[in-house]
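So the chains spell out like this:
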Amino acid sequence: MSNTSNFDFCVQFGIEAVREVFHLALKNEDLFIHNLPPMPRNFGGHPATVSVRLLDDQTDDADLSFLDLKRILFDLPIEITVETPDAPDPSLARVTLSSTIRAPGSLASWPVDGEDQLGINFAGIIAADVEVPALTGLPALDAARFLAALHTRFVALPSRSFSQGGNTLNIYDGTRGPVLTPPNKPGNPEISAVLETHGADQFLKVTLPLHAKITMPIAWSSYGVATFWRKVVFGTGTVTVTMETEPAPPLRTVILFDDNGFIGQQVATQLQPLLVTQLANFAPVTEPWFDEAAAKELLKAEVAGYLSPRRFPFYTPKSGDPAHPLTTPVGFLLVPTSTLAILMNRRTGTAADDVAPDDFRGADLLALALSRAVLDASIAEAIESEFENLDNGGHFISTPEGDATLLSLSVTPSDAGEHGETEGHLWISGEAEVHIDCWPDPDVSFDGPIYLRLIVVETETTCSATFKAEMGEFDAGQSCCDVFVDLLIPIVGWIMLGVVEHMIDEVGGELAVKIAGGQEQVLAPIPSFVQGVAEMQACLETCITSSQGLVLPGKLRIRREGTSFEDLADDGNLPRG
Amino acid sequence: MTENKQKSGKGGPRLATPLVVPKVAESIRIDSHRDLVAKAGLIAARVAQDPAFSVMFLSNPVLALEAYGIKLSPEMQHHVLATLRHPPKLRTRREELEASLEAELGVKPHPENPKWLAEMVFVKREIAPRDTTGLDPVYSAALNADTLARLQATRPKGVVRYPGVKRLPIQFRLGVAPSDPALRRLDLEAELPDMRPAKETPYELSLEQAWFYKDDPLVHDAVELGQIMRRGFPFRTPAEFRAIQAGTRVDAFRKFVRNVRVKGFRPT
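Quick note, the sequences are listed as chains A and B, same order. At position 216 of the first sequence (counting the first as 1) the number is 215 in numbering that gives the first Met the number 0, and the numbers step up by one without a gap. At position 129 of the second sequence (counting the first as 1) the number is 128 in numbering that gives the first Met the number 0, and the numbers step up by one without a gap.
In case anyone wonders, no lab produced these hints; they're calculated from the structure. Bear in mind the structure is a predicted one, so any value in this text is a computation, not a measurement. It is possible that part of the hints are untrue.
[As the list claims (entries may be wrong)] Subject to a maximum C-alpha distance of 25 Å in a straight line, what follows is the list of computed DSS-like cross-link-like pairs (lysine-lysine):
1) K513(A) x K114(B)
2) K26(A) x K69(A)
3) K554(A) x K88(B)
4) K26(A) x K165(B)
Here chain B stands alone, though its shape is the one from the complex:
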């Protein structure tokens, strides 16, 4: 995964063409889900009039709707963001983990915070620090077994065509590079490696570092919760939103997505 280092904000170097904010005559206010459904056709029409800006829905749908002149009430903002952040299954699992960890630890869990994670592992759970120097967590493969089998089947089979004695000692090997590690593929079922005690207690623990303590059930759940939180839709802050719109910051969506076509509800 490539992570560029550009700063957010309008003052940075331009990496993409700026998106022009749609001109709207009047603002539409949405106070309820019923309201949202009722005005869906109007919203879809506004987006269709200025399709180029629609890519900003993937940065922050609430801010994008505002740019199209659709203002959500605070309750509806929360509703939209919560609905889009995770699919139902992950949302349920997140709520389960948040509840169980809070009950066990007595505080609201913040696994996205490295200091909180370190305190939970070394202070609350009193686990001795482990030396993880040179060790990497185990990640599952990007492609599942079915996909791999299909792709393997597309490759030609090896045939020894030249059976003569080969004296050139050099062998050429060709393969596919392994997938880059990704937090979403951090394997919580994999076995831990043998580790020696560390000499010092770390002040912070990333999710990847906390993986080495997952034999503790609460740490396991905290890492899983952190994974789910990080796997949520990455809604941008207003400053980030403005930078992406201005083209001074580019993420995968801005780089790859050309537009989002919002549809209205079909009449029933």
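In isolation and in its complexed conformation, chain A is listed as follows:
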């Protein structure tokens, strides 16, 4: 296990940063369209439309957690609205299902403007991947919804007055439809409906006002009501009242006239088949309908359809140097510590050899790690640059205090506990020939710890860090010790500055402005922008040395990329009314 695995560098973020970028991505309408237009669907032969709406606000907020090494589990508040266009009144028959669904997204890389960026991709998600823990908006089976449909269908009937052998049957629904002869009886009674359960089935019991006029063989007329039952049939996504099917006894259609004498009963019996035939014209009475299982399946399917083309970036490194291209950033999710680790620049092996690094972030929001291999190479390069004759018999060093030939020098990053030191350190060892008068030059072997410190001073607008190398505690009041310290310590500080700047360069950070005679640079330790989503700024706060290399923990600020209302207000550029 290691901080950087088989890569040169690793950047680690706490889940809080991932959440923040995710919320900003959710606000981006190009990445996550919030209202999809109605999409045609077919439920069991019935056409319908489905609209999808994504929420992320104070009352319905999205969230995420790390699922495994490569997948994030997203909590997304989703609303879907189903309408059946052939319902008598779709506006009264709309079903809106709401749920905070859970769906996985995968860490992935894809190129943008020629540079690979790391992000979350929902490609390949299917309904079975989506979890619907709780659901609101399930439709209740309600006679009022059917009654509303019956009222609508009544108005749309081709006729409300039916003749048979010179006899006439009128049906009424309050004052709806054209005025018939005779008109509805005083009080204008309406169609009414209730739900009843008979056996294992549910029926809609409907009461229909009517009037019959008989001319043959005798003249007779009367107002009355017809009572009929129609079976309620549940389909896939719909519920239908089968108006065209007369159920078996005892639920046959019954006509009862106000004049319920012998003639009235005979007339009712005679007109019942005519009425049953005409009742079929009320069809279809169909409403959207989902039981919980069906609603969940619908949601899963629609959410998978919504998410599968979506992805959002999290890390957008740019080399800025065509001669020094960045390799694909590879992400791992360290679930136990809720850490996103991004490995950069594969040093050994192929993608098949990639493994998750150790968590080195601790409680910090951000941390950068440099591999031991890179640190060793950087130190060797710096030593070679500073003491160029070391490999050719020794590097001559001349100071006013005396001369010496440095014969060997090594700098080894070491753990706390090694060499009796209580903190991580650079272990310096070497050998020098000291030139003295009147005696053959003695050889001096030396070794000891150097501690690296990052001294940070923060103001409201700057976070200023300086590298300082320190030797272990000792009484170094003498100037000859100064020479020893001056030979090593400032150089070590510079080596570390260069090493860290190289790391920042490699992980896509920005070395932008040189100040203070070139010894200090304004820079962004990680990429300043997540393309199209967020602006980021990091401050490194400490430097930890170990046998695995360097770790630089820090803090992170994130804000929305682009210009917000508040930005315009700050700039005094709000539109004037």
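Chain B: place on chain A using the hints.
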């Protein structure tokens, strides 16, 4: 520079492993330089037999040789210490400054003594005291221009990679801390700052404080002499030597140097 506060002596807390004094059968006496050269091989062999103790040569070569059973005459002790204290160039400059200051002041110069320095500046040279509150002397950089240029070249060049409008106001800056002030880098060529007269005359002046009076040529030379004296090899007193050997006191050499390999003269 870190200066720890431990006391010398065997009774203090142990900071390093004690060094065992070499066991020697017989003492070797050195009375002359010729004697020293003649017995160099013997000395080197004794040191090689007990290499761990050799680090004590850097605390005091005379006392270290004694521990190895090599006793120098007083003349040879002086010769060894004087030779090792400064390289020839500094030794010559020190002698020049000591002679010229004694001639001008009429007394042997002691710039390492703060009371002597104060008396020289304020009494002998009659310079009015200056208010140096909040001021620091100028020190030269630990790294010279060539070294800095080489190190600068190892750093990557800045590239503006993200030209979008940045609205986060915080800037992160990274650099190297300046070198700690060191007496050996006290810059005697730098210009003095503007100073107001001080209300009181100090009773003592350190070399760093005397730097603020270096516009007087004798004070300049006294500060330079003090610098050279302090830049000499820090031979330890017998008590300090014993504390370092016992590990109750640790200096840079004891902390970093593992051994010193003394060589004999090659036969000619």
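How the hints compare with the structure:
no., hint, result
1, K513(A) x K114(B), "violated, 46 Å"
2, K26(A) x K69(A), "holds, 24 Å"
3, K554(A) x K88(B), "violated, 53 Å"
4, K26(A) x K165(B), "holds, 19 Å"
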